[in-house]
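With chain L's structure known, arrange chain S on it following the hints.
Sequences listed follow chains L and S, in order. Mapping to numbering that gives the first Met the number 0: the first sequence position 137 is 136, numbers consecutive. Mapping to numbering that gives the first Met the number 0: the second sequence position 642 is 641, numbers consecutive.
Treat the hints as calculated values from the structure; they're not laboratory data. Take the hints with a grain of salt, since some may be wrong.
[Unchecked claim] In silico DSS-like links for lysine-lysine, alpha-carbon gap of 25 Å or less: (1) Lys959(S) <-> Lys867(S); (2) Lys849(S) <-> Lys1043(S); (3) Lys180(S) <-> Lys336(S); (4) Lys7(S) <-> Lys175(L); (5) Lys142(L) <-> Lys33(S); (6) Lys7(S) <-> Lys142(L); (7) Lys621(S) <-> Lys849(S); (8) Lys563(S) <-> Lys590(S); (9) Lys1043(S) <-> Lys983(S); (10) Lys35(S) <-> Lys142(L); (11) Lys650(S) <-> Lys640(S); (12) Lys336(S) <-> Lys350(S).
[Said to hold, decoys possible] The following residues of chain S were derived to be distant from chain L, with all beta-carbon distances above 10 Å: (13) Trp5; (14) Arg9; (15) Phe26; (16) Pro268; (17) Ile354; (18) Arg498; (19) Lys521; (20) Tyr648; (21) Trp754; (22) Ser794; (23) Ala887; (24) Gly900; (25) Pro910; (26) Arg992; (27) Glu1107.
[Said to hold, decoys possible] Here are the in silico distance ranges between beta carbons for each label pair: (28) Pro20(S) <-> Ala131(L): 21 to 31 Å; (29) Arg214(S) <-> Ala131(L): 39 to 49 Å; (30) Ser855(S) <-> Glu171(L): 48 to 58 Å; (31) Glu171(L) <-> His82(S): 52 to 62 Å.
From the three backbone atoms N, C-alpha and C, an ideal C-beta is built for every residue, glycine too.
Take a look at the letters that make up each chain.
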Amino acid sequence: MTNKARPAKEITRGLRDWSDNRGDDSDDALLKLVYRELHRQAHRYLQKERVGHTLQTTALVHEAYLKLVGQKSVAWESRSHFFAIAATMMRRILIDYAKTKHRVRRGGVYSDLPLENALTISASETDFDLLALDEALDRLAAKEAHLAKVVELRFFSGLDVVETAEVLGISESTVKRDWQMAKAWLHRELTR
Amino acid sequence: MADDNWQKVREIFHSALGRQPEERRRFVHEACGKNKTLLAEVESLLSSHDGADSFLEAPAIAEVANVIEAEQKNLEAGKCFGHYEIIEQIGAGGMGEVYLAKDMRLERKTAIKILPGNVAQDEERMRRFVREAKSASALNHPNIITIYEIGETDDTHFIATEYIEGDTLRERLKGSPVNLKSALEIAIQVASALDAAHRTGIVHRDIKPENVMIRPDGLVKILDFGIAKLSEPPAAAGGLTVNDSEAATAIKAYTSPGMIIGTAAYMSPEQARGLAVDARTDVWSLGVVLYEMAAGRLPFEGQTSSDVISGILQKEPPALTLFSDEADARLDEIVTKALTKDKEERYQSAKDLFIDLKRLKHHRDVEAEIERTNPTDLRSTQGGAQSSGISKSISPPVSLVVEITGNQTANQTIVADKRITIDSTQEKSGSKRIVAIVTAAVLLASIAVWVVWHRRNLSWARRQVPQIEALSSNGDYFAAYDLAAEIQTYLTNDPTITRLMPTISDMLTVTSEPSGAQVYLKRFSPDVAGNFPPRQLVGTTPIKDLRIARGQYLLYVEKDGFAKTAQTISGTLLRGGGMTSIPPPLTIEQKLLAADRVPNGMTLVTGGDYRLRAWARPTDAKVHLDAFLIDQYEVSNQAYKEFINAGGYLKKQYWTYPFIKDGKTLTWEEGIQEFKDRTGLPGPRNWSSQNFPEGKANYPVTDVSWYEAAAYAAFRGKQLPTIFQWEKAARNGMVSAATNYLPWGAFYPGDTLEWRANFEGDATIPVDSLEFGMSPFGAYNMAGNVSEWCLNETSEGFISAGGAWGEPVYTFANYGRFPGFYTSNKRGFRCAMNLGGTGNEGNLRIEINKEIPVYSRSSDQDFARWVKAYDYVKSPLDPQLEKQETDAWTRERITFNGANGERAIAYLYLPRNFPRPLQVIHLLPATDVEVGQRSADRAAEAWLATEIKSGRAVFIVVLKGYIERLRPAGYVEPDQTTAEYRDKMVNWITDLRRGLDYLETRNDIDSKKIAICGPSSGAATGLILAAVDRRYASVFLAAAGIRKSNTQWIAEANRVNFAPHVRGPILILQGRYDENLAWKAEFEPLYKLLSEPKRFILYDGGHAPPMELFATTIHRWLDETLGPVKKE
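Excised from the complex, chain S in its bound form:
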């Protein structure tokens, strides 16, 4: 059984590795099914595999050799070593042995450290080490050991330093705590030395008790500056910080294993992870040392080094107060802040730590002084100083008093009384003494007040925790995180906050090439007035693991002399596949181009292999893209006018593609005749006298053909982007299994398009609108506004991508194919510029070969059987109604008993001033409404406002899955071949028919004159509804069709089975270039299946019909089939 599982583990493991990384997780989940043990095993192995690149790749013997090498270096007493005479061995560490020696030339004692051979051999590292050690030494800081010489004798590299008589802190500790006063004094000196070193860019990297010497007079000296760096891979040692991927590469390339570079116990989390380190790693290590001094034990203990490391990475140290009577909450908080795992939340410099330590020491000294002069124990009076003491809190007493003015409390009064007492008892003394006492008293009062203040803060902080939890479960992560961050100032290590942090925050890593760029973040969190908080500078690259609130942002990376970059980033929880999963850390690697290499208004898109990911992609080909630039905005009318003004339509050199119309090649002169504006001059079809519509300078140019777009691009020295370039720039290969993916991230039910994309609008908007709809590469309006011409030609025409105003949001993924001369008011373009690549950048011709199926009519007997699935009991509807009056109409929101024991919802729009009973249009909306991307009432108003105004009622039922009746998070749509899908359709159709039952109860409705209106996906629902229910007098569908794959669907919900049985006159409005439901392969076979009377209207356009055409067509059709609307 166990073996059986092992084989399975192996199989799944290997198959997973054979897949693209992004597909692995899904694959493994599928392959393991419900077997959780198996899943856990495979996932942990995969994760281990990802980190095991260099593991075991250097041969074992090399490691052993290092161990032996270290042993060979021992020097014996009395041996001469250059001009040094060895006296005795005084120590040994990972980086070599240390001897006491006599410098025979200068007649002084010196300490000599012998470096292991493998270290010394790497010249580059030695050079760097020497430079660093010397500069540390040159600091001439009293707490840093002086280096006399760094040299080489007998093939042995050594360092000669000042010899310090005294103990190392290790010896001083001997497993018991140091008294707190000494501990603070030692830590302050270490912090001071570190601060001096850090300011010159030197990081110690190996602060531990062995490296801290204490002279008998109490002076502390830090040893081994820069030495730890020798043991690090070259790149990681190259600067204060190095971006992670570089370091990882360097580590992989570095092959000499087996060095002991430090004791695990003092390592910072980033060190233990093998990541690049900076000054903050020393802060951590000093925190460990301070803890050990105070507690007499290490903060992270364990039997083995890996236990210790796992503690460093995951556990919180036990409170200091558990081990030391002397330690108080203030010390505990300083140590806790130094030992914060996230280095961004740690003390940011040794200086900050130094200041807090000094203050604490000062406070303690003052307290001690007061206690000596006044026997009353302040601290017991104050309930044990439950206070907070991190740098914000341990402020000078004066400012504390100022800060809490007006916060009078009983405690403070007691303190004040005491001060008076002290004053009066001491008044007889000399005036100098009085001043001293008063000063002390003021300090005392300050401390007391500060204690009170912090206790209030602490209790306030505790009360906020449930609020954070509530904000988090509401998905308001910005607010939750901000509050958590605020209360963490007072309340560290709260278990609830610790638990919530991974949900409400993300880690952001930003690197840039070159580094040193400023990074700004702007939150996608509009206030009620629609204003956004200003962007905030969060740091300079490289930024590693910066904790930020989870959410959606604009991120800007800017550096002087380089083109600015901006993009959307999103740490939104990923929903889908039956679960919510925390997204991976946000990692941005931004390449910066010199400002003069990037023309104004263009943005860089990185290269690499690319395959289209949009669900409606016309090809699965993989192409190679070189880095390229793309216009940030669509080409505007203003910009296009420059083309006309420059004689663009007259200069043949821009028109390099042959004009082909209806299969015939035209001459240039013939072709150019096609491009006329309203006044007959060359220009976009909607212009007049070569002028764009007034006030629209900054709007995208529309009504231009592919040929004109290509000519314009040539005029600018650019070209149209290939569809691969376009999609990469728009979504960078991102796709969501659960919902539509848009440039800024997955688009979930209830999400807003406001500030994001112009789909629901009724016209174009300026090209630079909607900055929060920016793509991952900083291009605006790639989704919506206008659909954009791309370079590729297919067997069905030129590609146009991205969807447009007045279209459903899912059209972002639609790639239409249109003739080169086609124009529309929804179609514009932007340009791209290749950066000297060699490939064709995906400019391949795409063949679209759709088989044209022939369906046969299902028999009446079969249909009668299938239709039985839709039988339902006409139980009481129990309708409830709310009315809302608007200028244009009366809107009623009705709830009634629907399918599956749920209350269904419907909206009924009633025109004003038209005689009752009214004709009704029953709207079945498109996919955007079905999946909760747009609400039913908004869809009704968008599609049918003109009909309401012209006197017909409009009715729409909110089905399960629509906004207001959303499915639970993680719901997965059933496969259409299954009984679950049939059940879903039965419930939907039942709700729709119950809605019809309700309409029949109303006197103001003419129940003999109810029509179905179904665009797109609504057409698919309509084919079943109109076959199942005979109460519809007229059927109007748009963008309809049956895909060949639909024939596999379960019989009771299969449109092929139902279409022939639809009753009543039916009209379909269909686009010749429908990119979703192709004319020949998907529309015509459906049309042939339908029974008479039937009709279709073909228009020159894509899937989403133009609104004015839709409105006039349905109006005429209903006039014809239901009769004209009665007016008074």
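Chain L with its partners taken away, still in its complex shape:
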């Protein structure tokens, strides 16, 4: 379970690019620190928590935040800023987990299974694949980056509407509308 899908550097670079767009000057080391902490927390959650319990992603990110802020007195632009970055990181962490899993299955003992036909059912009316979602989210970002951000915060970081509105500095009703739009668009991408 220690498999790192992507070199941390690349992730950090990606994060910096993202930050640059926001005119942010956070240093690499800090971002790495955040990433590691989130990853550690996620890993701990995923390994220890019994599935079936409600997983509070928000709690996880909060915990990481408290830990980092407590350890190192870094002047984050704001708490919101942290959550915004953390959401992107959580997306990468979780997608990497999903990828790792796929790789194990493709090369491992289950090679007889017709994997291309294996279907991940989310136990909702919609069947979707986390990796396909990740790709679709990139396409959505190309259309309207803002919508992808809302999805990262809501889905990957587990924030609710109020928190998302706070982080992005927009109204709750705007978040609701964006969420509605993003869901409809992604759902269509994943089901057609």
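Just chain S now, with coordinates in the frame of chain L:
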């Protein structure tokens, strides 16, 4: 540009979501205008949004956690697990890993399956799973694996089963076909196991090669019964079938995502859609497995699971014969029937599939035997056995022979000859052998005959396809569907039929609460004698996606101990808005009430928020309705008599509303004096000596006031329905943009009112007549027969709704307002009963505030300019004439060159025995004729029969839009402010004036004595015609008026501009309570505009004048203005 579009997409998407669902489509079409790309984008997003409720709502981490969880469960060899010792891992599936283990207590090998933690944690689901797995195991069926133990050790749930040495079918397949003999043997065993399980109510849900074990001796064992169910949401797993909405709710409520519950390739369409499944889903999956065994490939392939699923949902699999030399049409048809997307048309049970497979195997064995004993290749002789083999067809040979007796053909003769040959060559052998051979020969002959028979059927079926197409385009969907269903028995996957199916059939879903109710359908398809086919039992609720012919039906839902329900349903293609659209699937959710809760003759109407939808609604208020009961029938004379007999008029307790007459409150004693029958006794005004007219016991009571209706309701422990309750019961909020909506559906030009509603009749009919006019809640005669008192009071009086006999069909949407003491022979009532609701059920007082406008006279100069628009060239009329004699009159149908290069049509009614030349009444009919709801000639006879009989000719021109000259389907009436509307009116007026030109050519007509007669909408046309053309000597209008909004209309077709310039004496017959054109606000301002000589007659009634009053009034008016009719 692209971004621009994206912003537009977003805007329209959000605005659409802000609207009521039923308004969305229209809104989006309007908002997108002609931009088809935009429209497609927004519509697909909206549709996606509707299915995305729970999508992304569970956090991502939960999904990842599941994946990890599954990995953690791996057990290592040698590890002890309870009293089992793990030997090795032998498999893995979506529902956990499988190990070979040794049961240390019983010293036997066993297979252990470890269940994922998230599944095991749900106690309710575990309990259900255990129950199901055990009962499957308890079947003790040779083809079902035996379960030894279901238990829990070290927090890990497991299942221990018999260990089977052998291969899974997956291993056996290895991407290549299994020989057909083995494939059939395997499939037969699987089908047999499934049949046994299904009969005890257990569905496997995950039949696939991985779950089919084959022992070296050929015995097949099915694994994992009930396991797939663990992965389903609780409610969906609760029974064999679950109604869709429950399942959807359950799915939404179920939040643990990320389980792999099966491989997409074997899923049935209903499974792939996430709908509830039943035994037929296993039939499908076995069909896939059988296909794969025979073809060596899957029927639905794709790069990704979603490709596979889209194939399952939409594509037909390639014919088996493409991949297998062994496969023949019979196998292909069995597989095709198992793989029918509509589960109603699939094999309905594993048993049916089992039988067909057995038969096929048997036939093949026989064929093989014959081929071995007789070198001649039967199948090549027969042209490759182009046969059909679904269960109806693969019947025992004997019955086949019987069935085709008399169908002798050349092929059969050859076979017969061959049989003789076989017989003679074998005759020298021993007698036992002869018997065997003869048996074989008979079988051979049977097969051959069966081949011929099916080839004939097949070619017959092919010939029918164009017929289906023709029936469909004629709108005869019952016949088209029946024929299609019949030929599909022989001819599957015909592309034309596949294409037509969505047009000629509908999917019906019926659920009831409680379920298990019988559902019957009765088609609205009278034969020439007016008889209807009997109702047919179509199933027991829940019924999901049952394919039925498109059309109109009565639907009955009945269950013992519960009140029976009936209603009309309609899958009629929706026409309007410039297109024909296929209606959404028919979904009926029927709540059943215990029989003892529903008084006799009442029916349940469900609650919910309600807003009036009829176009003439007096208020837009939204109210909350609780579920309530409403009388199925109007109150009959017989029932009302019970009220009188019980002293209803004497008991003050029933009369709870204060009597108000002309603004004054009367005492009870004063008020009750008003309610006298013809003989002065208390009772309806048309009764005598407290008896209803003879023979009318079962007719609706009429001639009763609102107060009497309310008192009767109190006597029954009921009350009058509020207008909101009444309308909900009558049309359940349905409305059509293109035409009038009636209780059974939209009423299109050419549709019949027969068996539906009494509008055109000349008296009431019994209350339980016209079952096909039933409302969506099973109430009769809500449209027509009698207009019905409702509870609500308005500032203009009490509401009466639904239209009556002798009124145009559109009066269904009219809500008249009348004084509480008002009575008429068109007014009755029915009662409602609230089921303990808390709200006021819409009993609100409605204020009607219509502004009273003042119009000014248009100048002569302006009028001269507008009237120029109506100039036309007097080109040759070229009239052609057909005569028809009846007892009462001579009717001529005349065609002549009309406006816009079209042939116009007119009817001229000539009285018998009156001296020529005749006076003529030129009738301009009401809206019902204008929009094609009633034909011009029938309207002429209804309005003016008495005038024809008293010696005047009647003339009516069939204008564009009337029956006989209907507009193309989807035509939308132009907005009255536009030039298109002016052009429409110019064409109409031109046709009318050309008709007048024609009358002038006739010697038997006195062209100086032509009068206009225009009721309602005809009055509106008359105001223009009589101003434009000076040849009319007299004008008679009824139910006339100008709405304030009409002032916006285009000048050349604006009645305000034309009314002052109407020539000639004019009389208007107007109802004091006209609900369409109000006395003060709409009639009087028009009347003031008219020039002298003018007159009006006011009567106590609504929009549609009583016929006898209409007839006598026009007769006197024409006597006065044209002179009396000359008699000899």
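> Failing hints, ascending?
Replying inline: Of the numbered hints given earlier, those the structure breaks are 13, 14, listed in rising order.
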